[in-house]
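Student: The lines below spell out each chain.
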Amino acid sequence: MMLLEPLARLGRSGLAALAGIGRANLLLAAIVAGLPELLLKPRLLIAQLYSIGVLSVLIIAVSGFFVGMVLGLQGYYVLSQFGAAESLGIMVAASLVRELGPVVTALLVAGRAGSALTAEIGLMKATEQLSALEMMAVDPVRRILTPRFFGGVLAMPLLAAMFSALGVLGGWFVGVGLLGVDDGAFWGQTQAKVDFREDVLNGVIKSIVFGVVVTWIALFQGYDATPTSAGVSRATTRSVVHAALAVLALDFVLTALMFGD
Amino acid sequence: MGTTRTTEILVGAFIAAGCLALFFLAMRVSNLSAAANGDGYALMARFDNIGSLKVRSPVSMAGVRLGRVEAITFDQDSYQAVVTLRIDAGYDRIPADTFANIYTAGLLGEQYVALDPGGSPDYLGDGDQIEHTQSALVLERMIGQFLFNKAAEGSE
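Residue numbers (my numbering), protein chains in the order written: chain A, 1 to 261; chain B, 1 to 156.
So that you can see chain B by itself, here it is in the shape it has in the complex (with noise of 0.2 Å):
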């Protein structure tokens, strides 16, 4: 019997300590603890050029993590790309002026939504719409661009 007794406390801990590293893994490693404050809500903006912004991307105000990029549709009427921004509950006072850009972070790092604050008195809610949009930069845009003005210097 007290053998019987043993296996079973033993089997009981294992079966605790694998639990313990499944909560360790959501709560510590994962973001789980980050999407438990509720699910959040969400904002829509329109670009002319997403770069290679992808869904997941953080979404940042001041350069704090506030949500995330939920999803990526294309609109076929004005060939822009609608990004629909999940926006933690917690942060609720984004000013309706709010300007939207797409940045890069670091040179060869993953592009991110900034959003800059503007002075409105009135706050975005859920499934609002942000009018002030900046398209991502494209490298080789701006390369051209660059080497065309450098062109029409030369021919002055």
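Bound conformation, chain A alone (with noise of 0.2 Å):
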């Protein structure tokens, strides 16, 4: 008996992850159910929006601005080297179009927005506001998780467009301004290898994806929370880790798809 010891714990381990996907997608089944619902009722979503959006936007725009500069810089660096430092609107454009717009901008959202909607509910749950919602016959996942979900799918591409495009303008002032590229060549050679569906849409496609998953998980986190302190704290670092990893594997599982050949 004592040798199936082990072997037991990692069924019960297993099985522990299983049901735990399985309530994951049943939380997301009732979450996305309650859209029509939602949209009667625009003000809920737009008090997600601000405080998912538009408390983002000051991070996501100096971040980006300075990844752009970033980026401006090294690609200087190593394009000069070949005498193609006309090729850097290129290389910094495509690199924040196709990649790190999205991805930064998930993991930015993960960790400034994401960690509070996880605390938040766990929060509420710890301190029964949910089961009191429930007392009085309004369906909690209805009434806060689903604005907190759309909230988060709608201000993840926009925050993702803001951070590519203020990173485009960081890499032209380094660039442009500061290092001598011609203004004409960068902004040329930009246009005519960034290809709006190829590189454009697909980067927008990519960051609703992460969207859908950085408010899924910190959603899922929150609410399947153990409600204590300890359980709260445990949820919200859970949340962060399992949503980084979730983005950068699923980006390079779409980056193959889109990119791949």
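Read the hints as simulated data drawn from the structure, not as lab findings. These numbers come from a predicted model, not from an experiment. C-beta: ideal position from N, C-alpha, C; glycine also. Check the hints yourself; a few may be wrong.
Label pairs and their calculated CB-CB ranges [stated by the list, open to error]:
id	chain 1	residue 1	chain 2	residue 2	range
1	A	SER80	B	MET142	23 to 33 Å
2	B	ASP92	A	ILE205	31 to 41 Å
3	A	PHE66	B	PHE148	19 to 29 Å
Please dock the two separately framed chains into a single complex, following the hints provided.
Tutor: Here is the structure:
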């Protein structure tokens, strides 16, 4: 019997993980089912767009500009060795629009807004506010989780677009303003190489997917948290870690599917 | 009531800024502004060898970009590559006896289709074929030819 204990423990953790995935999927279905009700009360959505989107603009804008400036410096350093400094615009714009914009935005939103969502929902559960809503015959999933989910899904692509646009401007500022790359060549080469459907729209699709994943994980971790202060703290940590891992892994899959050939 | 109104205004500004950023990416960074002036028209050209020409490579005349390579297919009957060129709608007076070459931008750069205008009074239209083409230069073949000529000179 003692010999079988490690095997049983492995089975228990596997079953627990499967049960968690199942609960997460049921929760997602319940959240999405609340959409028609949410459309009747757009004020709830606006409040969440404010706390997830508007309050994240500053960190997104500043990081985007700095990431673009670093890309400009590094790109110039490598490209000028091959006499191809005019291609700086393509390098900065393509890497931002395709990869860095959606991914870094998703990581920042997971850290800034996702952790806040988890802590908020977890605390609501710990202080039995969710049960209180149920007592008043209000579905807490539809009333609390659905607006937050769609707020995150809508805010993510807008934030990613701002990140990419400001990053390109940052790269332009460093390349054209400080390092003396020709202005016409910077924009001309960029426009010749960056395709709207292939690059920009695929980047937007990526960020919508990341928006779904990041808010889903944050809401599930909060809703599924052990209702104690230690449980909420663990859930907040898990929310950020899981969201970051999921974004990076999904980004690889999406990149392979979109730009693989 | 005042705070709700501020929130609404800020959310509105947020959505507007996001759409503006997307618009900036579309018009200034990507090629949507170039594609906006009509979809243009297609020309066909057959090449014996296209080297490493790719879909979306530029098509230019006198160094000015007129369009891009839309599709590359292989004709099993003539064993040639059939290249479809999408020319922007504004450039509709390309002579019928235009010459299409595949050149390389710089020594190691990518390959593109260069059009040399002929003197014909007739112009090419949608779906027409460019008759005169010249294949891409393959570096290995040139080196082989050069070595072969050298060897022939040496044996004389």
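Student: For the hint 31 to 41 Å, verify it against the beta carbon of ASP92 (chain B) and that of ILE205 (chain A).
Tutor: holds, 35 Å
Student: Taking 19 to 29 Å as the stated bounds, is the beta-carbon spacing between PHE66 (chain A) and PHE148 (chain B) within them?
Tutor: violated, 57 Å
Student: Kindly confirm whether 23 to 33 Å is satisfied by the beta carbon distance between SER80 (chain A) and MET142 (chain B).
Tutor: Cβ of SER80 (chain A) to Cβ of MET142 (chain B): about 30 Å, so the range 23 to 33 Å holds.
Hint 3 from the list above is the single one not met by this structure.
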